[in-house]
Each structure stands twice: as C-alpha cells, then as structure tokens.
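Undergrad: So you can see what is in the structure, the chains are spelled out below.
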Amino acid sequence: MTIAENSSKGGLLARSRIARREQINGWMFIMPALVLVGIFMIYPILWSLWMSFQVGRGMNLSFGGLSNIIRLTQDPILLRALFNTGIFLVVQVPIMLTLALIFASALNNPKLIGRGFFRTAIFLPCVTSLVAYSVLFKSMFAEDGVINAFLMWAHIIADPIPWLLDPFWARIVIISAITWRWTGYNMIFYLAALQNIDRSIYEAARIDGVPAWAQFLYITVPLLKPVILFTSVISTIGTLQLFDEIMNITNGGNPADSTLTLSVYIYNLTFRFMPSFGYAATVSYVIVIIVAILSYVQFLVARDRRA
Amino acid sequence: MSGLQLKAVRKSFGSVEVIKGVDLDIKPREFVVFVGPSGCGKSTLLRMIAGLEQITAGELYIGDELMNDVDPSKRGIAMVFQSYALYPHMTVRENMGFALRFAGVSKPEIEKQVLEAARILELEPLLERRPKELSGGQRQRVAIGRAIVRHPEVFLFDEPLSNLDAELRVHMRIELARLHKELRATIIYVTHDQVEAMTLADKIVVLRDGIVEQVGTPLELYDDPDNRFVAGFLGSPKMNFLEGVVDGENLKLPTFGAQTIALGDLAKKLKNGDKVTAGIRPEHFKRGGSAAINVTTELVEHLGGETYAYARHDGGDVLTVAMDDGRELVAGDQVRAEYDLKRVLFFDEAGQRLR
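Residue numbers (my numbering), protein chains in the order written: chain X, 1 to 307; chain H, 1 to 355.
Among the hints, a few may not be true.
What the hints assert, rightly or not - Computed cross-link-like contacts, EDC-like style, restricted to lysine to aspartate or glutamate with a CA-CA straight-line distance of at most 16 Å:
(1) K111/X <-> E53/H
(2) K132/H <-> D198/X
(3) K275/H <-> E249/H
(4) K268/H <-> D348/H
(5) K74/H <-> E203/X
(6) K74/H <-> E153/H
(7) K342/H <-> D265/H
(8) K7/H <-> D69/H
(9) K252/H <-> D348/H
Hints listed in this document are in silico derivations from the structure and should not be mistaken for laboratory results.
Make a model of the complete structure from these sequences and hints.
TA: Laid out in structure tokens, this is it:
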C-alpha cells in the first residue's frame, strides 16, 4: 500500500467519523420537536384511524371491521351535513376569494386616500374572537335585531325576515358571517403578492392602452395564480372544518339541521348523542379524504398547462 | 412622426421641486438622449412626457397637440422600461400582441404586426418562449418589439441597457442605432452613461438638478461645453481641471508648481487674482503642442492601443495624460506634457465657460 492510498484511507475514516457525529448532533437538535409532534400529532392520527374501526357506545369499544364504513353509507344526517358543507364551500369560498382579490387590488393603488384605514378595517374581523363575533351576528340577525330594523327602516322589506328560523336565510347568515370574518385574511395574502409585482408592468400596460379591467383580468389574476391556489386550498379546508359559527349562531345546525356541518356532526356524535367515538373518527376521515381530493383537484386546475 | 415641445415644464413632489423649468424642442425623427447623474430628473422628465407623472406647471406638446392632461395611451407614445416590464406569464408573441387586442386591431392584423416586429428584432425563433426563458438582451428586444407593434409617434427609452452586461450593451447600442434608422421614429432616450449618449444621440440634453445644462449634438457638447459640468460629464477619461489664478497674461497654477498657461485674448476680460479653471482633455496632450506642463508620472496604464499616464507636479493635483506613443513610459518618469493652447477651455469660479 502506498503512502498516498494510506493517507486517503485515513482521511475517509476521519470523514465518516465526522459525518456520524454530525448526524447524531442533527438528530439531537430536532428530537424535542419530533417527540412533541409524535405525541400530539402522529399518535392521535394513528389512534383515530384505529378508532374508526371500533364500534360501541362510550368506552365500551370493540373492533367492528368495516361496519362504520357501512354505517356511513346509510346515514341520512351525514348526507345532510355533507350537503350543507358542500353548499357553504361552493357558494362562500368563491364569493370570499373574489371579494378579497377586488379589495386587495383596490387597496394596492397608491393613489387611494385612506388606504391604511381600509386595510385595517377589512383585516380587523380576523383578529376578533370566533365566539364573540358569532354571538354578535346572532344578535344582529335576531328577529328584532338591527339588520331587520334597518331593512324595515329603509323600506326594503315590510315584515321582519326570520333569519335564524328559515333554512335558506339561516345559511345566508352563516355565509355572510364567515365571509365577513375571513375576507380580510385572504386579502392580506393577495396584497402581499401584489406588492411583489413590478409596478412598471402596470405602467407599461397603461401606456399601451390596456383598460383597467383587462389589467386586472389578464395581468393581476394570472400573476396571483399561485396565491389564489393557496388561499383556495386553505379556505376549502377551513370551510370543511366550519364549527364555531354553527355552534354559536345557529345552535349547532338549526333550523332542522339546515346548517349542520361535518365538524358539528362529528362533535354531536362524540359529545352530544350517545358517545360513538368510533363512528365519529370514521366521519373525521371523510373530511380528510374530501380535503385531499379537493386540494388535488385545485392543484390540477391551477397547474401551468405548459410547464 | 411627431416632434415634441416642452415649455417651462416643472415638476414638484410635495415641496421638493425636481424639474425646475425645462424648455426643449425635439424635431421629428430626432434621436434625443437625456443624460445626467442619478437624481438629475431625467427619468422623471421622461415619465412626464409618457404621462406617468403629472406635469406640475408648463406645457407639453406632442406634434401640435397639448398633452398635459391626455391619458398616456392617447399620446402616441410607447415606452421601454429599464426592468423590461414584460408580462411574465405570457409568451413573447402574447407580450407583443397583448395591447393591440384592446386597440380594436383584428387578430390576423395583430399576427402580422407581431411577426413584422419579430423579424426586425430577430425574435422569430423565440416567439413561443416566456420572459423567464430569455436572456437579458432577448427580453430587452421583446420590450422594444412591444413598443414597435403599436407604431407610436415617439419612442421613450428609460435606461434600457443598464441591466445588461458590458458586451451586450455595446451590441444593443448598435442595434438601437440601426433600429432608429429603420423605424425613422422620434426617440427619447434616458441614460446616465455618457458613452451611450455620445454614440446614439442626434442631440444630447445634459441635465443636472432638474435644470437643462446644455443641449446640442454630441460633438458640440464635447468640443464646446457651456460649463464645467458638461465638460466634465462627457468624455472618458474625464477632462483635467487645473485650478489657477490670473496673473497678467497668464494663468498661474499653484498646484502645478506655479507653471502657467497663456490666457490669450481672455486676459483682457479678466483681472489679476481672478480664480479661473483651465480644462484640458487627456487626449489633447500631443507631442509638438504649442505649450507644455512638466509633471512626474505616478501611475501608467497601458491599454495596448493607448496609454494613460496619471501624473503630478510636486504632490499637487493629478493630471491625466493620454499618449499614443507611451509604451516605454513607466511610473516616476519626468514628462513634458505638450498641448495645443487653442484647445484649452477656461471656466470662471462659478463653472461657466469663459469665451
């Protein structure tokens, strides 16, 4: 063995020792976080998966195989909750995101007077407590609340609208509430993205005679596509988890389950009716699967066709 | 093609006045370059012509029409930005044709215009690419193409070459000169680079602090500057400025060991003790000149074709001397820098030219 080979072998050994030490150090650094994530996220996820195959009342659980999944297919209330959640998703998310986009591009205009005020005003709902604003909406939309009072004062309606007693109006109230609460939140993402767009692009468009609506439609919207995708995914997830508003405004899905959502149904299954932890876990996985499918579809739709 | 007229044009941002009364007459088909150090207001002036900035006072005419309050899209102008300002999500073809869709141009006509611009700019193989797949020079050509398809009366260029590397800049400079000939359009071009100004312009407008210092052809400004600022701004290496005091018929140079420069006819207009600056360009030092300054070289740069010597007299001011036969020269050599007295320019204490 030559000296050169010898020393290079020694070098390799030393290097592998350093590499191993670096490995150990690295693991030690992330261990605390990993342990916490493991205990509070991964373990519950796996546990709930196992739970979803359990049947029985309360703590009297036994393995039930696929019986929870069979129960899913024969559950009219689940269908109802799915339908309501779907309505909220299809109606509310597009309205909210369109509004957020319009607000963002209006508030991005440096010539707008009172920009800071409007930005704050529109974002402010996001920092209010879910329960507090829900209670407020409930009182505003009461039969003798300010909304009815105003509409009657303005002679838009003759008789008070039974907001929270009629299935159609109750859904409208829920949709208005979450739109009010979350539009500003999405707007902030759009504003941030808009500020990254080179201003001279708009100046060039202006000089070239591209009308403002076309600048919005053909320049702003395509350039914001990644952010629009992001907000639509998180809004979809948020809507599928809709809970606080339903609990507080329509007392858990009134009238006649017309605002019952999947999350509220899971809560009811777990804590309100005869506790049925196993079946509740199964319904939770329905949400997981829907979120996964919808997110995938959104990515597909938004994917760059040329890329 | 239209010309332009600016009459006492002013611009203020709040209480800060950045353009302090500019009068300018630009003829049709002229290539005019606004040049000046950063912050001199050249870009602001261009943006005022484009309509991107309001004109605070004064009048702007494009052709014979008052344009102060006309929308940018109706001024008959097209602008090329320093950042290119291409639409990142559109192909080259879409970038160039986009604006025409809103001008009521038919689809086949748009296609024709785009292909014509692509031919002029040699962009045909790149039509389906997006800006991020192009090099800086190609992007710049697309930005120019986007301007060409609109057939504007006036092209505005805002430092279009400053994002390119040196070699590409030279190449694009030649391209632009060719384009000007081919399009026969009025061009207003903003740059801080005096080489671009000298090589491209029919007419240079030198700006400083929102004021036009001088307007003229490149060589007029080079040979016959009105003031010390213009003299120093154009030309590379810079003109030498030798501070002196009038002493009878001569200008005495305290920083060059009290050597003198003959003032000639100017002596009659000056009195003893007046502070005067003499300006001599490095390349005006020629063997066999009628006068000379004795200096010692400190640093010699051999560029192959020419040699620049940086020299002083007894630790005084630095004098830059260009030599075409200086290959043997080394630092520390004594040099008798001869020059032609007729080419020396004199400036008064305020920097104005003495004629």
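Undergrad: Checking against the hints above, which ones are violated?
TA: none
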